[in-house]
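Heads up: the sequence lines are chains A and B, in that order. In case it helps, my numbering puts the first sequence at residues 28 to 369. In case it helps, my numbering puts the second sequence at residues 1495 to 1798.
Hints listed in this document are in silico derivations from the structure and should not be mistaken for laboratory results. Just so it is clear, the structure is predicted and the values come from calculations on it, not from any experiment. Cβ coordinates follow ideal geometry from the N, Cα and C atoms, glycine included. A hint or two may mislead.
Stated by the list, open to error - Covered by chain B, according to a simulated footprint, are these stretches of chain A (three or more residues, beta-carbon under 8 Å): (1) 137–150; (2) 334–343.
As the list claims (entries may be wrong) - Which chain A residues stay away from chain B? Per the calculated CB distances, all over 12 Å, these: (3) LEU94; (4) ALA175; (5) PHE239; (6) TRP296.
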Amino acid sequence: MVAENIAITGKSARASHIAIASTVMVAVLVLGPLPPFNLYPVDLMRALCLALFACAFNLLIGYGGLLSFGHAMFFGWASYVAAHFAKVGSISLPYWVGMWNWVVIPLPPLTPELAILAGTAFAGVLGVIAGSLAIRRQGIYFAMITLALAQMMYFFALQAKFTGGEDGIQAVPRGRLFGVIDLADNTAMYVFVAAVFLAAFILIYRIVHSPFGEVLKAIRENEPRAISLGYKTERYKLVAFVLSATLAGLAGATKAIAIGLASLSDVQWQMSGEVVLMTLVGGLGTIFGPVVGAAIIVAMQTQLVSFGEWVTIIQGIIFVACVLLFRRGVVGELAALLRIRL
Amino acid sequence: MKLRCGGASLFEIFGIPSTALFGQLLVGLINGSFYALLSLGLAVIFGMLNIINFTHGAQYMMGAFAAFLLLDYFDIGYWPALVLVPIVVGAIGIAIERVFLQWLYRLDHLYGLLLTFGLALIIEGAFRQRFGSSGLPYRVPESLQGRQDLGFMFLPNYRAWVIAVSAVVCFGTWFVIERTKLGAYLRAATENPTLVRAFGINVPRMIMLTYGFGVALAAFAGVLAAPIYNVSPQMGSELIIVVFAVVVIGGMGSILGAIITGFGLGIIEGLTKVFFPEASNTVIFVIMAIVLLIRPAGLFGRGA
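Same shape as in the complex, but just chain A (with noise of 0.2 Å):
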């Protein structure tokens, strides 16, 4: 009686941080384009989508503890999906008879949502295939298997035409959410994004504190113990891999459109250690740490923009000094120093 006194008291105060953390969040996405802070929309969308891909990596880290080095394919990939069908729409497959000849798929272009979805999709079922390979192995062997997959993917972005080599795909039209409304003023792009991010957000919440989520806790604490409980251990990773890919893969789709451009630099191996750094210094684990964590990440990046490879030598600093020093991230810290969970 007792004891279920204390979870239900402990439940409702974890609601109510949770609560006023989200409020906190909603209204800096409420308030920071307005005066008197007045961030530059498209600053904010790529922040928005950044956070994202990191909440989408921190449910596989944080909460399967998985560590993935190859994520940038999901977000790169999907972003290359989505920019082509928003701009071009047809799809070119090759086939072989003797030599290899192309059909071609006339398609027009697709309206935004659907491209998003079908940049998403990709990611879906590459998340499929990369955590079918990746979860054969355990720890570090992951991590490894991951990065390498990772890296095959950027061979085959920079190999495709589709996706324009070294160009990459440019001047991605916005186009007209729904066939209605048109995107391509700021403030709606920004609405839309916004709202992207905040129903991913809330499902990945609802991820996390289900009985799925419960169990996938259960095997990052003591694998060895969740399966003599009769857990069939490797199906919870490999949906968790594929939740993670296709959240991913819906940031780097979101992206793709708010900013118009799919590029190399988002296949990258530099774009899978940039995720996993602002998920460390958000606080690995937590809900709001690879908010927190992409936020200052990308602030340091636009301020940082004229000092070139300061730049990468300054992660690799955070990098450090969180390892050695704030294992648990800022959001973390923060939850330690209040005894809350955030």
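Given the structure of chain A, go ahead and fit chain B onto it with the hints provided.
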């Protein structure tokens, strides 16, 4: 059975001119030498420290740069550099182990990966800041210039030297670890450090020196690579990801496995360049995927 035609031979194997085939085989062997040296270092470090050394690529790059700088600023040539550079970079490695890595041994492996990744970013960024991204040339030493006519192909002396010396260093390392008393201590400390410590062996120092040795191997590979590839800040990060795939394919359980996998994959990559050039960048990753499907523990691995 040599068919000579004006110095170079012109017979065909599977419709491919033999010079192209052997040329790419040679390139494959050279790449394989570097894969073997680097994955060997990674395996040795992982065995003792339980850390995947992401800085390995950056340390290889530092080796190449150190050789370049020695020549440029101090007029110290290739041969002294081959000895000096591994010592200097290995000492830097030991400093890194003392300052950063030694605090991580009790933590999850992943933190070691993250920390060494951060160090790699710092080192690579610093070199790019100082030297720019373009490659710097390093001349082949006088004594190894020229080439041998083998009848079916020309073999540049320097490339023959690289293959030979890496094979010797690889098997020397294997011999020391698997066949000497020092190696027996190392293997014992890998299995059970507490027990080995109880026998009066200074395990932390052994760990430190092992890391220094692994880093020195990377730097040695860097010096060997300097005359073949251009010396550039990003030469290491491109290579290290492939080496990770090599390590996944071979499994880090066996030293000999790392060597054989390294050379073997280099050759396969070279052959792919001949028969299916579009896939030459990705063939190692594809092989990794296939190996994971068939034998998840890796070719020479013992369990996951």
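Tested hints:
no.: 1; hint: 137–150; result: violated (count 0)
no.: 2; hint: 334–343; result: holds (count 8)
no.: 3; hint: LEU94; result: violated, 5 Å
no.: 4; hint: ALA175; result: violated, 4 Å
no.: 5; hint: PHE239; result: holds, 23 Å
no.: 6; hint: TRP296; result: violated, 6 Å
Checked against the numbered hints listed earlier, the structure breaks hints 1, 3, 4, 6; every other hint is satisfied.
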